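Number of protein chains: 2
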Amino acid sequence: MLIVQKFGGSSVADAEKIERVAGIIADSYNEGHEVVVVLSAQGDTTDDLIDKAREINPNPSKRELDMLLSVGEQISVSLMAMQLEKMRIPAVSLAGWQVGLDTNTAYGAARIKNIATERISRELDKRRIVLVAGFQGKNKYDDVTTLGRGGSDTSAVAIAAVLHADKCQIFTDVEGVFTADPRKVKNARKLDEITYDEMLELSSLGAQVLHNRSVEMAKRYNVDLEVLSSYVKKPGTKVKEVVKSVEQMKISGIAKDLNASRVTVVGLPDSPGIAFKVFRALGKAKINIDLIVQSIGKGGTNDISFTCPKSDTESVKELLETYKENIAFDHVSIDDSIAKVSIVGAGMMSSAGIAALMFEALFDAGINIQMISTSEIKVSVLINEESADQAVSAIHAKFFD
Amino acid sequence: MLIVQKFGGSSVADAEKIERVAGIIADSYNEGHEVVVVLSAQGDTTDDLIDKAREINPNPSKRELDMLLSVGEQISVSLMAMQLEKMRIPAVSLAGWQVGLDTNTAYGAARIKNIATERISRELDKRRIVLVAGFQGKNKYDDVTTLGRGGSDTSAVAIAAVLHADKCQIFTDVEGVFTADPRKVKNARKLDEITYDEMLELSSLGAQVLHNRSVEMAKRYNVDLEVLSSYVKKPGTKVKEVVKSVEQMKISGIAKDLNASRVTVVGLPDSPGIAFKVFRALGKAKINIDLIVQSIGKGGTNDISFTCPKSDTESVKELLETYKENIAFDHVSIDDSIAKVSIVGAGMMSSAGIAALMFEALFDAGINIQMISTSEIKVSVLINEESADQAVSAIHAKFFD
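Heads up: the sequence lines are chains A and B, in that order. The numbering of the first sequence is this note's numbering, which starts it at 1 and goes up by one. The numbering of the second sequence is this note's numbering, which starts it at 1 and goes up by one.
Mixed in with the good hints, there may be bad ones.
Any copy, or any two copies together, can satisfy a pair, since identical chains are not distinguished.
[Said to hold, decoys possible] Lysine-lysine pairs mimicking BS3-like chemistry, simulated, CA-CA at most 25 Å apart:
1) K284 x K184
2) K238 x K190
3) K62 x K140
4) K86 x K52
5) K86 x K184
Don't read these hints as lab results, they were simulated from the structure. This structure is a prediction, so every number in the text was calculated from the model and none was measured.
Given these sequences and hints, build the entire structure.
Here's what the structure looks like:
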């Protein structure tokens, strides 16, 4: 069997953890499988590198930031190779450019365009474990790109897809996908299975179990995906097209996202095409925005609010300022002390009153809702950051207790 | 003018130092020059990475060690690019593989085979400062290689050679080449000029001002080389083919090398070809050895002693053990508390009694000489590590005071 395994940064944070993870990898290898391993940067390495960069330049170019950040994964894979060498297991570490993981030019949030399989296959043929630096690739200029936070999941699934791997195992510090964060919500339950679509909503909403693009890709290429613990040896959660759910749960999970800011463009003229102008500018800059609400402001003007990743807040603000005269708005205000809390469930559509139940839970807990957004399988609300954990617990109790 | 500038690890150790160095680079750029900059890893980064590796595996493969160590220079160049961006000066950082710096496959001590000029030239044409990660390249397998300690000097000179740069400036934390280490020897004098050959002996002997291969290369391609301070703005020491020396000094400098171990192969059979077998084995493993002495041991056997870099001691020992039956020696003993102290001078040959003067200085200081080696322009002695500084001072006083 050809297995792709991915281990996150906390699983390889120090020498001891690297040794443990090497044990898991070695077990698969010794069972006779071909093993490709994708690793993230150790522990806080990426954050430390970002701090180092910001000390020098608060707003470095994304091209240079990618060049800097990519070293984190390179460190992880070379150290893991050394650990496996010590165990007399042949292994080889590869950076993104060595694998031939080609991306577009969107530094900091690059999309994978193609993965060459030659090098990985050649190394597998030599019965080596192939250790691939996650999160990174190269673009047509031979420049280093990164896939954005959590991009190692995407690397793993993409590699599993091109190699037609038999399975792709994402090892994390939790035992699988839970109805809510088990560290925060006492009665959170582990799910044996979840659909790609549900997982997609959960991860894009900040459940932090799987990177959303990795799930999209797993769905598109039908990759056999499993989320499991790197600490406890037992089955995790399988992510698949359709699940055979024993009990029909109303929702699959609750997610919290603290990594968003709310941006409000105040005092837009009430004329056609204005919203289009705003969002085209943001789209060109490849900034992911979400939860859009347009409201009536003072004196015949409109306000548009939306959320974007916290890390993009400064760029968004700068970008909008350059359009100030062209679009003729009054000013931009930012609120980065917000949280997005969402419920997700494939069965939501067929079951009336799900959203109402969520709003009731928040009302009972005295939590004010700032913005609401819904889709076929989810309901998201924007609330005050401080109330986020309380909100998740209250909603979980309402649906699962 | 096209200028290649190289800054060592201590010159870019932190944000403040990076800012200072960026000022030097920017000055050259703003004078209208094309500037290529080669950087080493920050401060202790390389040592820290080696510690990280050894914690996991005391004897990692050189291939993986190179993969790990190469990140140090990548961090330096990306941070420098960010600093220059902040100063609104266009710059781009490049790793060895991006430059197209091709080496042989001797991991850990790779030799440069070819440097592609396309990428660097293209970036210079855009009026960008090109920041090249020193010390690293790639081999024919697309694997990362490193050039060995101090290899950034070699990167700089090699790049200066292929680009036909007008000058190559090596910035260090000293003001140039001194007759001895000015931090240790009070009356050490700065030399305005020194020949390639003298510099070559000084650097290969551990003067730590320039990497020896960089000087060899500068000599071969006649690169206009200057060693100067990154802290004080004044002329340094020019390294050239022939110097116009005002006063004919007996020697140009005294060097100390603490980075060597003495290896003794004890009890070799007294038969032809034995020394050849020993050194062929070491040569194949690409281990640099030096100062060879063969002496008569007990019972008709011979002992061979030689020095090698401290970092290779373990490999040398392991390697020799595998030849134990074949070569039939008794055992290998290692002494890593030794120092090599040398005097260097192009005028040495024409001036009798230079070596005797050195030995006299050591005798007066009560320092025992373990081994001696001489060449046309140098005399080296092996002494106890603890006496190294005292030896250098005593010799310096004898020649210069």
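Hint by hint, here is what the structure shows:
no. : hint        : in the structure
1   : K284 x K184 : neither (38 Å within a copy, 59 Å between copies)
2   : K238 x K190 : within (11 Å within a copy, 70 Å between copies)
3   : K62 x K140  : within (16 Å within a copy, 30 Å between copies)
4   : K86 x K52   : between (32 Å within a copy, 14 Å between copies)
5   : K86 x K184  : neither (39 Å within a copy, 41 Å between copies)
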